[in-house]
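Visitor: Given chain A, work out where chain B should sit, using these hints.
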Amino acid sequence: MTSIPLEPLAVPTDSIGLVSPQTVLIEKPLTLACGTVLPSHQLVFETYGTLNSDRSNAILICHALSGDHHAAGFHEGDSKPGWWNHYIGPGKAMDSDRFFIVSVNNIGSCFGSTGPTSINPESGEAWGADFPSLRARDWVESQKLLMDHLDIDCWAAVIGGSLGGMQAMRWSLEYPDKLLNAVVIASSMKLSAQNIAFNEIARRAIKSDPDFCDGNYLQEGKAPLHGLALARMIGHVTYLSDEVLGKKFGRELASGDFIDGTADPVEFEVESYLNYQGDKFSNAFDANSYILITKMLDYFDLAREYNNSAAEAFAHAQCKFLLISFSSDWRFSPQRSQEITDALIRAGKDVSYAAIDSNQGHDSFLLPNSRYQAALGGYLNRVANQLELSQ
Amino acid sequence: MNQNFNFISDWIKPDSRLLDLGCGDGSLLADLTKNHSIRGYGLEIDSQSIEDCIARGVNVIEQDLNNSLDNFADQSFDTVIMTQALQAMRHPHLVLDEMLRIGNQCIITFPNFGSWRTRAYLAFRGRMPVTKQLAYEWYDTPNIHFFTYSDFEALCSERNINVLHRKFIAEQFPDNLLKSLWPNLFTETAVYHLSR
Chain A
0 MTSIPLEPLA VPTDSIGLVS PQTVLIEKPL TLACGTVLPS HQLVFETYGT
50 LNSDRSNAIL ICHALSGDHH AAGFHEGDSK PGWWNHYIGP GKAMDSDRFF
100 IVSVNNIGSC FGSTGPTSIN PESGEAWGAD FPSLRARDWV ESQKLLMDHL
150 DIDCWAAVIG GSLGGMQAMR WSLEYPDKLL NAVVIASSMK LSAQNIAFNE
200 IARRAIKSDP DFCDGNYLQE GKAPLHGLAL ARMIGHVTYL SDEVLGKKFG
250 RELASGDFID GTADPVEFEV ESYLNYQGDK FSNAFDANSY ILITKMLDYF
300 DLAREYNNSA AEAFAHAQCK FLLISFSSDW RFSPQRSQEI TDALIRAGKD
350 VSYAAIDSNQ GHDSFLLPNS RYQAALGGYL NRVANQLELS Q
Chain B
0 MNQNFNFISD WIKPDSRLLD LGCGDGSLLA DLTKNHSIRG YGLEIDSQSI
50 EDCIARGVNV IEQDLNNSLD NFADQSFDTV IMTQALQAMR HPHLVLDEML
100 RIGNQCIITF PNFGSWRTRA YLAFRGRMPV TKQLAYEWYD TPNIHFFTYS
150 DFEALCSERN INVLHRKFIA EQFPDNLLKS LWPNLFTETA VYHLSR
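Chains as they are written, first to last, in numbering that gives the first Met the number 0: chain A, 0 to 390; chain B, 0 to 195.
Treat each hint with caution, since some may be false.
Under the rule of at most 25 Å between Cα atoms (straight-line distance), these lysine to aspartate or glutamate pairs were calculated in the DMTMM-like manner [as the list claims (entries may be wrong)]:
#1 A:K79 to A:D341
#2 B:K12 to B:D24
#3 B:K33 to A:D362
#4 A:K294 to A:E124
#5 B:K12 to A:D349
#6 A:K189 to B:D69
#7 B:K33 to A:D349
#8 B:K12 to A:D341
#9 A:K189 to A:E338
#10 A:K27 to A:E173
#11 B:K33 to A:D341
#12 B:K33 to A:E173
Label-pair ranges, simulated between beta-carbon atoms [to be verified]:
#13 B:L93 to A:E199: 41 to 49 Å
#14 A:N384 to B:L93: 36 to 44 Å
#15 B:P141 to A:K79: 38 to 46 Å
#16 B:D14 to A:L388: 23 to 31 Å
One-sided and incomplete, this derived list gives chain A residues near chain B with beta-carbon spacing under 8 Å [to be verified]:
#17 R202
#18 K247
#19 Y305
#20 Q337
#21 I344
#22 A346
#23 G347
#24 D349
#25 V350
#26 S351
#27 P367
#28 R370
#29 A374
#30 G377
#31 Y378
The hints are simulated quantities; they were obtained by calculation from the structure and are not laboratory data. All C-beta atoms in this analysis are idealised placements derived from N, C-alpha and C, irrespective of residue type, glycine included.
This is chain A alone, in the form it adopts within the complex:
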């Protein structure tokens, strides 16, 4: 099951090296929270490191809104590594020399796993806007089927940031005896009204694009690139902090100048950057997936079915928890992580919480930070030590 790191040529030596994804068709039916049954579904995933003889050193990586299976290392010919490469690799916080790390693209997304761009077997056409609505627990159920396929009985840890942290928490409630640790980074037990508001603005941007065609753009041979780019630009600004945008771009100009009488239009660096990010994203991501997954975020409410008591919810958990937040994250603020921590303490669960200073906003969970590295690495080092002792 291991991706074999090929000859790492121009690849940085501290990375896992060249990796390639695998595809599996899960032929067991998956009943979604909305009631729809997917008779089978495809998952694309990558693995890093080696599964030990008692199959106990596996870590599940849960991606966020726009993430995919490519979390670490390099794909052949690519100059950019996977999205969590700073923290996954040999000797890194999630150490591929000690753990077998599984990173899966979740259903409803658009990087090869079953989603709106896949063919609906009933109609013979792409699902498009008809893809069934999803909840975070559907991702957990699908990940559980992958776990069975890989013949792993218990995760050493389930780890995720943002929406990924929500999946880790859901795992601890749905399959309490199937994970030893949950690492919940820059996450929340439910979105705030402000968060939902930003998601709705993004969805409206997509739906307002004439090429959206009520979600049937694939059938029409079109793509709402403009609307999706706008959605991403809105999201992207909220994932950064005022400070980091100021430091990175200030009021520098990409073109034009301020001298009166010149006809050159002024474009600030930050405009140029955001437009670039928006366009890059809209060519790589599917608009229906974006709508589907932002809805999943909005609906997530960890404690709703537990009498709205987070402590009552977490009473079902059996694993240990590590919580991490970042000071400048205003989408998933440290207060949200503190609430999770408080609920876990009330439920009497083992939990540690590190509130990391960072000026990078919500994106901090992807970026290098020595304290973050030390907290996550120190925690997982202990997990690895215990696994190796019991080998």
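Guide: Relative to chain A, chain B alone:
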């Protein structure tokens, strides 16, 4: 745990819930978890200490004691403990109230500013004491309140706090007779077990 503080574990019921305010590197919690089966959490703000706790497998929460402890429910712990940090709190009396709101009992240790060592330091050198227990210069110290154990007892009685046990420690002064005759003089660290 420091040899001299072994008696603390006698004040803590096995299997009880313990909150350690300013838990440092987590060694006290680790010891009590291992030998006393307590279920404990520590609060700490020093990043190195937090890393040490995580490495030890001690539950550590990054939270500043000078901010509100409102996130902890009334009587949600059996014991709340604070070692050598009360003198560094902005409002020690309010922290004390909070400890007894959150915990059924509390254990507190602090350096006794009335010990002969600090008195002599101030009397003979005419400068603020820098001792093993109070190891900072006056201009750069986390210790912003200086009080003797007598001051502390007065505060407890003002606030109707019961002293269940008290223990006085003078690491470098083994003469028990002198310590019992003049505890304020010969105590370097005072340890109190309190309840409401």
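Visitor: Look at each hint and say if it fits the structure.
Guide: Each hint tested on the structure:
1. A:K79 to A:D341: 38 Å, violated
2. B:K12 to B:D24: 22 Å, holds
3. B:K33 to A:D362: It is violated: about 38 Å lies between the C-alpha atoms, which goes past 25 Å.
4. A:K294 to A:E124: 23 Å, holds
5. B:K12 to A:D349: 19 Å, holds
6. A:K189 to B:D69: 21 Å, holds
7. B:K33 to A:D349: 15 Å, holds
8. B:K12 to A:D341: Holds, at roughly 23 Å.
9. A:K189 to A:E338: Holds, because 11 Å separates the two Cα atoms, which is no more than 25 Å.
10. A:K27 to A:E173: 18 Å, holds
11. B:K33 to A:D341: Cα-Cα ~24 Å, so holds.
12. B:K33 to A:E173: Judged against 25 Å, a Cα distance of about 30 Å means the pair is violated.
13. B:L93 to A:E199: 41 to 49 Å: Because 43 Å falls inside the window, the suggested range holds.
14. A:N384 to B:L93: 36 to 44 Å: Since the Cβ atoms of N384 of chain A and L93 of chain B sit about 41 Å apart, the hinted range of 36 to 44 Å holds.
15. B:P141 to A:K79: 38 to 46 Å: 45 Å, holds
16. B:D14 to A:L388: 23 to 31 Å: 25 Å, holds
17. R202: 34 Å, violated
18. K247: 25 Å, violated
19. Y305: 18 Å, violated
20. Q337: Holds: closest Cβ of chain B sits about 7 Å from Q337 of chain A, inside 8 Å.
21. I344: 6 Å, holds
22. A346: Constraint on A346 of chain A not satisfied, violated at 11 Å.
23. G347: 6 Å, holds
24. D349: Holds. Min distance 6 Å.
25. V350: 6 Å, holds
26. S351: Hint holds; S351 of chain A Cβ to chain B Cβ min 5 Å, cut 8 Å.
27. P367: Violated, about 16 Å.
28. R370: 6 Å, holds
29. A374: Holds, because the Cβ-Cβ distance from A374 of chain A to chain B comes to roughly 6 Å (cut-off 8 Å).
30. G377: 5 Å, holds
31. Y378: 5 Å, holds
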